[in-house]
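Working from the sequences, and respecting the hints, build out all of it.
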Amino acid sequence: MNDTIVAISTALGVGAISIVRVSGKDAIKIVNKQFKGKNLEKVSSHTIHYGYIVDKEEVIDEVLVSIMKAPKTFTKEDVVEINCHGGITTTNKILELMLTKGCRLAEPGEFTKRAFLNGRIDLVNAEAVMDLINVKTETARKGAIHALEGHISKYIRDLRQEILEILASIEVNIDYPEYEDIEIMTNQKLVPKIKKVKESLKQIIEKSEHSQILKEGIKTVIVGRPNVGKSSLLNHLINEDKAIVTDIEGTTRDIVEGEINLDGIPLSLIDTAGIRTTDNIIEKIGVDKSIHLIEEADLVIVVLNNNEPLTKEDQEILDKVQNKTVIVAVNKIDLENKLDMKKLEDYPLIQMSVSENKGIEELKNKIKELFHLSKITQGDYNYLSNVRQIALAKESLSILDEVEQGIADEMPIDMVEIDLKRAWDKLGEIIGETYTEELLDQLFSQFCLGK
Amino acid sequence: MMQYDIIVVGGGHAGCEASLASARLGNKTLLVTGNIKNIADMPCNPSIGGPAKGIIVREIDALGGEMANNIDHSSLQMKMLNTKKGPAVQALRAQGDKITYPKAMLETLKSTKNLEIKESLVEHLKVEDQKIKGVILEDGKFIESKAVILTTGTYLKGMVLVGSKKTPSGPHGERDVKFLSDDLRNLGFTIQRLKTGTPPRLEKDSIDFSKTQLEPGDDTTYAFSFDNEPMYQKEDQVPCHLVYSNQKTHEIIRAHLKESSMYGGYVEGIGPRYCPSIEDKVVRFADKERHQLFLEPESLYYDDIYLQGFSTSMPHEVQEEMVHSIVGLEHAKIKKYAYAIEYDAIDPTQLKQSLETKVVENLFTAGQINGTSGYEEAAGQGLIAGINASLKLQGKDPLILKRNEAYIGVLIDDLVTKGTKEPYRMLTSRAEYRLLLRHDNADLRLREYGHQIGLINEEKYQRFQKKKQQIEEVINLLKEYKITPKKEVNEYLEKVGSTPLLDGMYLYDLLKRPEITCKEIEHFITLDYPKEVLDQVEIQIRYAGYIEKANKEAEKMLSLENIKIPVDIDYKKIKNLAHEALQKLMDIRPTSIGQASRISGVNPSDIAILSVYLKKQG
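Protein chains in written order, with the working numbering: chain U, 1 to 451; chain H, 1001 to 1618.
Quick caveat, the hints were computed from the structure, so don't treat them as lab data. Quick reminder that beta carbons are idealized off the backbone N, C-alpha and C, glycines included. Careful, some of the hints might be misleading.
Cross-link-like lysine to any residue pairs, in silico, SDA-like; alpha carbons within 25 Å at most [what the hints assert, rightly or not]: (1) H/Lys1288 - U/Ala168; (2) H/Lys1575 - U/Glu41; (3) H/Lys1616 - U/Leu105; (4) H/Lys1110 - H/Met1002; (5) H/Lys1204 - U/Glu178; (6) H/Lys1556 - U/Gln405; (7) H/Lys1421 - U/Leu164; (8) U/Lys72 - H/Gln1583; (9) H/Lys1556 - U/Gln161; (10) U/Lys25 - H/Leu1614.
Partner residues aside, some chain H positions facing chain U, computed with beta carbon under 8 Å [said to hold, decoys possible]: (11) Pro1051; (12) Met1080; (13) Lys1085; (14) Ala1088; (15) Gln1292; (16) Leu1300; (17) Ser1429; (18) Leu1435; (19) Leu1436; (20) Tyr1546; (21) Ala1550; (22) Glu1553; (23) Ala1554; (24) Pro1604; (25) Ser1605.
Right under this line is the structure:
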C-alpha cells in the first residue's frame, strides 16, 4: 500500500462533472505537478482550488481540485479529487496523465480495501462498499448503502446485546451463588429468551436469503420441448430479438441470455435448447448444457403447448425439475386445448399466449410471489447482503439449536451457556467484533492482499 | 555481607507462597516482613475459596503450593458452592480460623530448608543497569540478592480511612512503607492508587442469634488439597448466620452519606465494583428493601464475628447506629470498626507473563501490588513469581499457564494484558474456557507442571499417576461393557427412574443419562475404585460433548496464541494502525497475536493489519 492509486470515481460519460480520485502518499505531489493554479502542496487540508490540469503547456481541462490530507479521508491516506468536465475523452485524458506521472490504476474496490485496512471502516462497511460497486439495481444499491450506514451492524449488535444480557445473568448467579437479591436464572427461564433471539435471527436470515437475489438476480431457465414457444417468451420478456425464432425444431442450440428488471430485481433469463434425445452432436451439447443449467437455476419455467397432449418428453422435463422452484407456463391458449390440465394441478400454473400477449403479467406476478419480492422491495433493508455473513448467521442459529437441545437434555445451565457464548461469538464475527483466523482468510480472499 | 538468591518482601499470602516455592526449589531465600505475627494474616474476611477463587486454591495445590494444605489444617467449616449447577462452576469455600491459619503457615515457613525470616521494612531497592541487586532496609542495611519478589499488599503508603479521618497505616495499625513506591516510580513504574474496605467485627455474645438464620456447613466433609483427607468432623463445624439490613439501616446511611470517606470525597483510590460498601449498595440499588449480611466466625480462640456484606467507611458513631438497626444486632458490641484502606500499586501491564517486571530485570511482583484483591489471587501469583524467579536464576523458560489451563493463567494474562483500574478479583466469568478449568480436574491440568518444576515430590506424583490411570481404566471398562434390554435390566432402569432399553447399550452411553450415576452403573459391574476416580469418570463422560466444544474454542484461541510477535518489533513501522492501538501495543508489547487481540483499544482491524504485517515479514 505504498503506491499512489488513481481511478475515475464517477460513471464514465454520464453527467456534467466527472471525478478522478487519487489516493496515496504522493497524491498531492503528483497532481500538483500537473496543476496550474495554487501550489497544492502548501494549501491546507479539506480545501477546494480552482485551476487547470496541464500536460506540459497544453491545458487539458479547467478543474476544481479537492485536497484532503491524511488521516481524515476515506482511505486515511492523502486524497486528491479532480472535478473535471464530464465526457469520456477529457476524463480519460486526465486519468492517463496521472498514470504516466507516477500513479497506478486502482483495482476495483481498492480505495475501499485501503479504507478497511487503514481502520477507517469495519468489515461490514467494506463489504457493503464492494457490494455497492457491483450492484445491478436500485433496490440492491439501497441495501448496500444501508449496510454502509451501519444499520446491519446495529441490528446484529442488538441481538448480541440480548444474548449478552442472558449470559450476564447466568454468570452473576455463578459468581454470587448465595445472594438472594439476584434472580436465579434457570433453564426454564431461558427457553422463551432463546426462542425470541432465534426468531429475530431467523427473520434476518430469511430476509437476507431473499435479498441475495437483489444482488445476484434470479437465474431463470426456460425449458420445454422444441417449438413450444420458449424463445418467443424470452423475446417477449426482453423485447429484443436476440434468439432466432423459427418453426424448425432444434434451432435454438446455444444458450441465450437476457436480463430483465422485475420491479428492481434482476431476472437473468436463459433460453435453452430443447431437451430431447438426439444424435446430432451439436444439438446434444446444447441439451447437456440445458440439463446443467437447470441444476444451477433459481427458477425454472417449463413451457408446454396447450395445443398438444402431454408427451413423454414433457413428462421427462417435469421429472428433471422436480426439486426446483418451477412455474409451468402453458402456451398457445389461443389454440384448442388438448393438454390434460388435471395432471398439472400440483404446479404453479400460468396459462398464456405469447403471440397474443396474454398471461405475461400473470407470469411476472407469479415470479414475484414465489420469491417474496414484494417483501424485499418494500422491506427495511436490514439484511445481511453477502454469503459470508449469511453463513455465519446460520451457524449462530444452529448453535442456538444446540442451546435448546442442552436444555431439553437437562444439562446444567452453565453448560448450556457454553453454546450461548459460542452463538454470541459467531454473531460477532459477522460484524468483525470477534477476531478469528477465518476472518483474516476472508480478508485475504476478498481483497487479494499479498506481498 | 548478607547474600541471598531470592528476597521476598512481604509475608502475606503472596509472600508465603513465593518464599516457599523459592526455598523448596533450592534457592537461598529471605522473607522480609514488617511483623512476623502478621505472616499469612487474614485482615479481611475469614474465608478462603468460593467461586473461581476456590479453584485457584486447588490449582495452587496441584502445582505444589501451600494454601490448600494450610486451610485444610485450619478450617471451621466447608461448603461446596453451586452444587445445583454443573461441575465446571462448583467451588469449595472454607471458613478459616484466623489464629490457626497464620500459625500453621508460620510453622511451615520456619521448618522449610533454605528459608530465613527477617522482621524489618524494606524501604528501597538497589538497582544497577535496570537489574535488581538487592534491598535496603529501613535501618539502611543492604541485603544482596539475585532476584527480589515484592508482595507488599496494602502497605505501600497505606492509608486507613474512617469517615473524614485519614491515618497512614497498614491493617491492624501496622506501620506502612513510606518510600518504596517512590523508588518504584523513579525506576519507571506507573503507580496507581487503589482502595479496599472491610466491615466491622462484632462481639459474639452481644448478638441475639435467635433472631438470625442458621447457615451451617455441608453434610459432606471436604479437603482442599488433593493429598489430604478431610481433617474435621462434620458435626464439629462452626456455623455462620444470616441477617438483613432494613429500611431503617438504609435511612441512617442516606442521612450520613456525606460523612463516609467515599461519599465525602476523602478517597482517591478506586475501589472494587464487585465488592461494594454498604453505602454503595444503598445508593446504587435504591429500590432494594434489604441486603443480606452474613455473620462469620473469625476464630475458635476469640469471639469476633465478621459482618460480611457491611463494609463501610462511615465514622464510628454512625457505624454503631447502622449496626444496631439490624434485627439480631440491636445490642451488638463493635469490637473493631469498619475501615477503608488506600494503597499504592503498580500498573500490571508493566509485567511480563512470568510476573517479572519489564522495567527491572529479576524483579518480580505478586498480589495486591499488582492490582489484585483476595488471598487466593495473591497466593496464586506468589507461587508463580516464586517459581519463575527460580527458573530465571537457573536460566530456564518461565512457567506461563495458558487461559485454557488455569484460572491462575487467566488472572495473570488479564493483568499483564489489560491492566486494571480497580482491585482485580477473579470471577468465573473472566474465564472463557471454565468448563476446562474445574475444581475437580486441577490436578489433571497442572500436577505434571508441578512435578517437572520440582514442587511435587515423587510420592505425590505416583499417587496422581495412579489416579490418572484408574480413570482411564474405568472409562475403557464402560466402553466395553454392553447391557441388553433384558427384563431384569429394564426393571432395574425403571426402578431408578430411567427409560427402559430397546437395544443393547454400552454402560458408557448409559452414564450419559442425567439420572444415571456410577452408583447405578455398579448394579451391572463392580467398580472398586476411589470416589474421586468415579466422580471424574462421571464428569468426563456426561459432559464429553461440551468438553469437546470447549476444547475446540480453546484451540481457536491457541492458534492465535501461536502467532508470535517478535520481541524487537517496531510498531511505528506498521502503517495504518489506529493511533490508540499503536500506543497500547507499544506500551504492552504483547508476545502473540492472541494476546494482542485481548488488549482493549486494539480492534479487530488493527489485528488484521498487524497479522498482514507479520505475514509479510514472514
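Are H/Ala1550 and chain U close enough, Cβ to Cβ, to be under 8 Å, as the hint says?
6 Å, holds
H/Glu1553 as chain U interface residue, shortest Cβ-Cβ below 8 Å
This hint holds: H/Glu1553 lies near chain U, its Cβ roughly 7 Å from the closest one there, short of 8 Å.
Does the closest beta carbon of chain U sit nearer than 8 Å to the beta carbon of H/Ser1605?
Interface hint status for H/Ser1605: holds (5 Å vs cutoff 8 Å).
Interface hint for H/Leu1300, Cβ within 8 Å of any Cβ on chain U
Nearest chain U Cβ about 23 Å off; hint violated.
Taken at face value, is the distance from the CA of U/Glu178 to the CA of H/Lys1204 at most 25 Å?
Judged against 25 Å, a Cα distance of about 23 Å means the pair holds.
Given the hint that H/Lys1421 pairs with U/Leu164, does the C-alpha gap stay at or below 25 Å?
23 Å, holds
Hey, does the H/Tyr1546 contact hint survive, CB to chain U under 8 Å?
At 5 Å from the nearest chain U Cβ, H/Tyr1546 passes the 8 Å test, so the hint holds.
Restraint status (C-alpha distance of U/Lys72 to H/Gln1583 at most 25 Å):
The given pair, whose Cα atoms are some 19 Å apart, holds under the 25 Å limit.
Once the shortest beta carbon distance from H/Leu1435 to chain U is found, is it less than 8 Å?
Hint holds; H/Leu1435 Cβ to chain U Cβ min 6 Å, cut 8 Å.
Taken at face value, is the distance from the CA of U/Gln161 to the CA of H/Lys1556 at most 25 Å?
23 Å, holds
Given hint H/Ser1429 near chain U, where the shortest CB pair must fall under 8 Å:
Constraint on H/Ser1429 satisfied, holds at 4 Å.
Hinted contact H/Leu1436 with chain U - closest CB pair below 8 Å
Hint violated; H/Leu1436 Cβ to chain U Cβ min 10 Å, cut 8 Å.
The earlier numbered hints that this structure contradicts are 12, 16, 19 and 23.
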